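Chains as they are written, first to last, in our numbering: chain L, 1 to 156; chain U, 1001 to 1129.
Hints in this document: simulated from the structure, not taken from any laboratory.
Bear in mind that the values here come from a model prediction, so they are computed numbers and not experimental data.
Where hints are given, some of them may not hold.
Partial list, derived from the structure: chain L residues whose beta carbon lies under 7 Å from chain U [unchecked claim]:
hint: 1; residue: Tyr99
hint: 2; residue: Ile102
hint: 3; residue: Lys103
hint: 4; residue: Glu106
hint: 5; residue: Ser147
Here a beta-carbon is modelled for each residue, glycine too, at the ideal position from N, C-alpha and C.
Next come the chains, spelled out residue by residue.
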Amino acid sequence: MKKLIIISAAALFVAFVVTQFFQPEKNISESTENLVINSENMPSEVKEAFQNACLDCHSNNTKYLWYHKISPVSWMINQHITNGKKELNLSEWKTLDDYDKIKALEDMKQEIERGTMPLKPYVMMHREAKLDKETQKAIIEWIDKKSDELMNQPEE
Amino acid sequence: MIRKKHFVITLFALFVSAGWLKASVNPTETKAPVMPDNVKAVIEKSCFGCHNTDSKNDKAKEKLDLKTFDTLGKKEMIHALGEIAETVEENEMPPAKFLEKFPDKKLTDAEKKILIDWAKSEGKALMKK
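Using the sequences provided together with the hints, build the complete structure.
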């Protein structure tokens, strides 16, 4: 019985070590002018909020924590990033047309107002991602200003 | 005799005003947003059941309330239309679990196209208005 436990523990350990060699590709690239916080004029607190609460999953640049590099956590994180970027990739912000920008802005507003974004588990692990009431207000003000601007723009 | 006449007139007036009252309350009750008939038919078949003010499905009506759809602001409407196009396009709606129970509510490819085309063109048209 004891032997069996030792063998299975050893097998698990080996499996754990082996899986470390299989890692998802890192979501890291150069920050470009297409990134929302580079291409848009916004107050510094809004910029900071984007950086701290959104861009890890909604851009081409994730700030990884040490344990994000350990499988299977690395794969879970990778899944979040893939989904996040599919929904909205803020690294491509400048390339979106006005219609897509309005949709994205309204989406962001709704998620923030309802508190569905940033995701709760993410906020638990990243305290700086918590958006207090004032920051929420500042972001929504920026969103409203930006979307009004886009709506009132004459067709190019 | 006059009394009887009065009574009849009053009764008649009551009857008419009650009917008018009912008529003025009811139309909004089942009113779907203003949209072409083919779109309306698809929405009534597969969406309206959960996405309306009186729905018991809180999550669905919070996401999209088709009964109050035409009261949305321009930007909100563009957003809602965009979400409709997206969720239908990616087969996220109607939900798979719901379709297991009500397979007849499944959207055909033709119906999907009707919804998606409408939502997209309507959304883009709103940008220019």
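| Quick check: which numbered hints come out false for this structure? | none
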